[in-house]
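Enquirer: Just so you know, the sequences run in chain order E and U.
The letter at position 184 of the first sequence is residue 240 when you use the numbering used here, and the numbering goes up by one with no holes.
The letter at position 122 of the second sequence is residue 141 when you use the numbering used here, and the numbering goes up by one with no holes.
Incorrect hints may appear among the rest.
Unchecked claim - Keeping only pairs whose Cα atoms sit at most 25 Å apart, straight-line, the calculated DSS-like set for lysine-lysine is:
| no. | chain 1 | residue 1 | chain 2 | residue 2 |
| --- | --- | --- | --- | --- |
| 1 | E | LYS261 | U | LYS150 |
| 2 | E | LYS60 | U | LYS146 |
| 3 | E | LYS261 | U | LYS31 |
| 4 | U | LYS169 | E | LYS227 |
| 5 | U | LYS150 | E | LYS60 |
| 6 | U | LYS31 | U | LYS52 |
| 7 | E | LYS227 | U | LYS150 |
| 8 | U | LYS150 | U | LYS52 |
| 9 | E | LYS365 | U | LYS167 |
| 10 | U | LYS150 | U | LYS89 |
| 11 | U | LYS193 | U | LYS217 |
| 12 | E | LYS60 | U | LYS137 |
| 13 | U | LYS169 | E | LYS261 |
| 14 | U | LYS137 | E | LYS227 |
| 15 | U | LYS236 | U | LYS52 |
| 16 | E | LYS365 | U | LYS169 |
Read the hints as simulated data drawn from the structure, not as lab findings.
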Amino acid sequence: MQRKILPFLGIVLLIIYPLWLNEFLVSVSIITGIYIVLLTGLALFLGYGGQFSFAQAVFYGLGAYTSAILTTKYHVPVIAAFLAGGVLAGAVGYILSAPILRLRGYYLAVATLAVCQIFHVLVVEQFNITGGPTGVYDIPIFSLFGFEFKTAISYHYLVWVIALASLLFAKNLMNSRIGRALKGIQSSEEAAMVLGVNAFNLKTKVFVLTGVTGGLAGSLYAHYVSYISPGNFTLELSIWLVVILSVGGVRTIMGVVLGAAFTTVFPFLLGKYQNFNMLVFGLILVLVLKYMPNGIAGFLEEQVFRLVKRTRI
Amino acid sequence: MKMESNNILELKDISKNYFGLEALKRVSFQVDKGTITALIGPNGAGKSTAFNLISGLENPTSGQIYFLGKEITNIEVHERGPMGLGRIFQTPKIFEYLTVLENVMVGIHGRTHAGVLKSGFRLPGFKEEEKLIREQAIENLVFIGLAKEKDRMAGTLSFGNLRLLEFVRALASKPKLILLDEPTAGLTPVETEAFADKLSAIQKTGITTLIVEHDLKFIMSIAEKIIVLNHGQKIYDGSPASIRENRQVIEAYIGTRKENRIHAENT
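Excised from the complex, chain U in its bound form (with noise of 0.2 Å):
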């Protein structure tokens, strides 16, 4: 039994091999209720790695990971999204041939429980619940302001609304911790500050978000934890005010910035 904690979410010992190469190594931390925290780090540090863990799309080598307090290290992916996990992924993972209220209406999925049969028969209580996922989806719709867009397929959105899009699709599923993978990669300034204030207003309805992101700025502006990765090792995890001070982060971090900057240019 695990003792009732303010953690959300916790890596205990996470170890992921790739045919030798390791991804991870000895990875622990924790992700407290209610915060935004981020998880940053140089190109390879194992960002991507640690989200594909938490999700479940890949399983650890060695060591647990805890959500709510419950261990979920080999519970599988589509479980964990109706536990309450949602995420984002690097590059949007949009539904190309559903419109884009189909798109969050398949985001309430998890939560839903019409089968083959009762859908193919509308047997009774079919229409409500259909009525209920799109009632909420549009909700959802009307909070991120894509509710206009509704009726288009999701394939011919602009970049910045693909991401908005699939960042309210996974809202619909009501999770409790959110993983965002480089959310704001691709946005004009504009849309990344529109998007700062969406994640402070899901941060009030008390979402915990986990955020891997290369903009600095934003992420001292907006995160109350930090957790650095390097070749695959935690080297800080700590608020913002001293990473500044953290030779070991600067190191880390000052020896690939050009090769961020380069990147970033690129994208």
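One chain only, chain E, in its complex shape (with noise of 0.2 Å):
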């Protein structure tokens, strides 16, 4: 009973409280909610899979920057756009797996840094179709059968409801088979492999979920932001990406959501200190690094159950 009451008064909190907020804390909201999109995939190809991949910003890259020509250049409504952008950022997410998801380790983590700064030249260079360093603007807001989400309240509605889904896939995934043989990867391929798990085949779904997902969350970030420039999906991001990932906890569905509202409300809660952002959070990441090495998720849950172990007693 318990169980079912609390993801009820979780989602009944994520309708009301929006209306609370004013027009800033609401865009914040938004971004916290395409972030988890982003990291959704992330998640699972890192946490589960035991797989590095500075990749992220690209498969972001191409979601913004396809579903910002088609919609600009093409005139395609925002809905195929948006899922045109994942489309193709999976696709490339499947061509790219055939040669760089043979290596391990190191290896990959660098082969998909490789990726990421060859995607960055490649948008600045390609001036005729993603407009160079000055990017596509004038990106039409999103609408969905001739609604359109012309507040910020009501795009943030959709951005969580997608943000929520995606959790809500993610966590199916990690609880069934695919999850399970995931993690078994991670610990012995070769152990995983003789009881018949594919490993390539299935590192290579996974590594095109991080693309889809991606893709789908740049859409929706090009369609909030209405402007996008290669600045957006930068090598720094990708890595930025998987750093908060880990601040948040790579091994649960928590770590996403808190890992995504960490980069979204951090800077803001330092108000006019903002400046010393990025030294207080290096000095965050070496405390959680060092004092709770499965992120503030995997803290909280220990907590939780050492709590629960003690009340039993």
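With the hints as a guide, dock the two chains, each given alone in a separate frame, to form the complex.
Expert: Okay, here's the thing in structure tokens:
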């Protein structure tokens, strides 16, 4: 019974709370939701599969540019462009996986890093398609079957529906034979393969999933800010995403939410000391990695577990 | 076409070179259905290499491997499991981020089908399969005696239980032939005895066992056939009874026996 009430309350809260927020806070919440979509696939790949990828900004950028170009140049309906962004990013993930997913550990990380740099160069150089350093502007706002998400609140709901759906998808996947096999690969690829797990195939599928979620997030972002440029999709972002996932906690769904919230809410919490953003964040990062190896989510989980255990005895 | 025969596994003229080092030299042997066959030999004789070739983690330089009459020499590792080939490793390769039960559930991976979309969207049929996986995994845990530990994280088990978990995880894949790489190394005498009982129990269900082992007393008591490798070559293939009279084996073995004892004391 309790298990059913909690998610229900959570959803009610999600519906009500934006109504109390001012416009600025709604925008913080929207960006948080977009980050959640962006991080879910990566959380599976990194936290479950134990595979490093610094290519997430590429998928994010692919989704954003696809959606932006299709809607501004070819006047494709936003919803179609949104889906196309996800599909294209997924397809690129699939093509990339053949050469790079045969690599392991650091080698894989370096290969994805290279992919990220190549993407950046391409976006800047292919002026005719991407607008070069200037980027794409006047991207239309999101609309669905004639309804335009003009107000921040309405877009907030759309983003969070997609964010929750992707979290639910990831959670379902984690609690299935796919998630278990993925965690198995992280410990021993050989042992998993001997048990019939097609490790390469599985990693490919999850990498494609990081592509699709990254692409969808990129499209959501483009239609929210209405202007994108190469500076939004840099290697720095890719690294940042891996870092905040580690802070949030890579092995749980909660970690994705905390990581996303951390990156958007944290600078805002510093208020007028925002210039010290990176300094304070660096300190937090060191402390988390030292004292909470499973991230903030992992740490909280352990505390709750301990508390429950104590009250039972 | 191969004739229907009594062997489940056959190695034909198998050689394996590592950059000029010959780990196996034209080794041929057969494992008969339903038996417990032992593969022994001093350190570096090529036993683990043979296991890697059979389970497909490495490919032979030359020669063929047949499993259930079908050639599997170049078949991918992950396809051999579902064909009925199970294996445990010399040092247990446990999935430490999974619970004991989930470890065994991965053992059933090769026999089940739900993909990314079916699992992620919980499409029809998912729940039934998941339930089946769970039930079978629990059954296996009950058989091996680890049912009580099912919700523990696998990494927190004692060494003896890690071995048992890896063994039962392989059993969950319903192998017809199971390869055991030094399954009793690190076990206490009591645990070894209990393990021998489990081995005869699975033999009664028709599972064939090929076992690499240093504990000769243990091997003599359970194996029906013994194959001895030395420096990558087969030097004996026969019953445990007549092995004691084989001079080649005695020379190969006595020479390194002291070394083995030191090895055993260290582990």
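Enquirer: Need the status of pair E/LYS60, U/LYS137: alpha-carbon distance at most 25 Å?
Expert: Since the Cα atoms of E/LYS60 and U/LYS137 sit roughly 23 Å apart, the hinted pair holds (cutoff 25 Å).
Enquirer: Keeping to a limit of 25 Å between CA atoms, is the pair of E/LYS261 and U/LYS31 held or broken?
Expert: Given pair E/LYS261, U/LYS31 is violated - Cα atoms ~37 Å apart, limit 25 Å.
Enquirer: Below or equal to 25 Å on CA atoms is what counts here, so check U/LYS150 against E/LYS60.
Expert: Roughly 21 Å between the alpha carbons, so the hint for U/LYS150 and E/LYS60 holds.
Enquirer: Measure nothing beyond the straight line between the CA atoms of U/LYS169 and E/LYS227; if it is 25 Å or shorter, mark the hint as holding.
Expert: holds (21 Å)
Enquirer: With the threshold set at 25 Å, check whether the alpha-carbon distance from U/LYS193 to U/LYS217 stays at or below it.
Expert: Cα-Cα ~15 Å, so holds.
Enquirer: For a C-alpha distance cap of 25 Å, please report whether E/LYS60 and U/LYS146 respect it.
Expert: holds (18 Å)
Enquirer: Against the 25 Å threshold, does the CA-CA distance of U/LYS236 and U/LYS52 hold or violate the hint?
Expert: This hinted pair holds, its Cα atoms lying about 23 Å apart.
Enquirer: With the threshold set at 25 Å, check whether the alpha-carbon distance from U/LYS150 to U/LYS52 stays at or below it.
Expert: Cα-Cα ~32 Å, so violated.
Enquirer: Can the restraint linking U/LYS137 and E/LYS227 be considered satisfied, given a maximum Cα separation of 25 Å?
Expert: Given pair U/LYS137, E/LYS227 holds - Cα atoms ~13 Å apart, limit 25 Å.
Enquirer: Tell me if the straight-line CA distance from E/LYS261 to U/LYS150 falls inside 25 Å.
Expert: Roughly 24 Å between the alpha carbons, so the hint for E/LYS261 and U/LYS150 holds.
Enquirer: U/LYS169 and E/LYS261: Cα distance at most 25 Å?
Expert: Between U/LYS169 and E/LYS261 the Cα gap is close to 29 Å, so the pair fails against 25 Å, i.e. violated.
Enquirer: Can you confirm whether the C-alpha distance between E/LYS365 and U/LYS167 stays at or below 25 Å?
Expert: Roughly 18 Å between the alpha carbons, so the hint for E/LYS365 and U/LYS167 holds.
In the structure shown, a violation is registered for the earlier hints numbered 3, 8, 10, 13, in ascending order.
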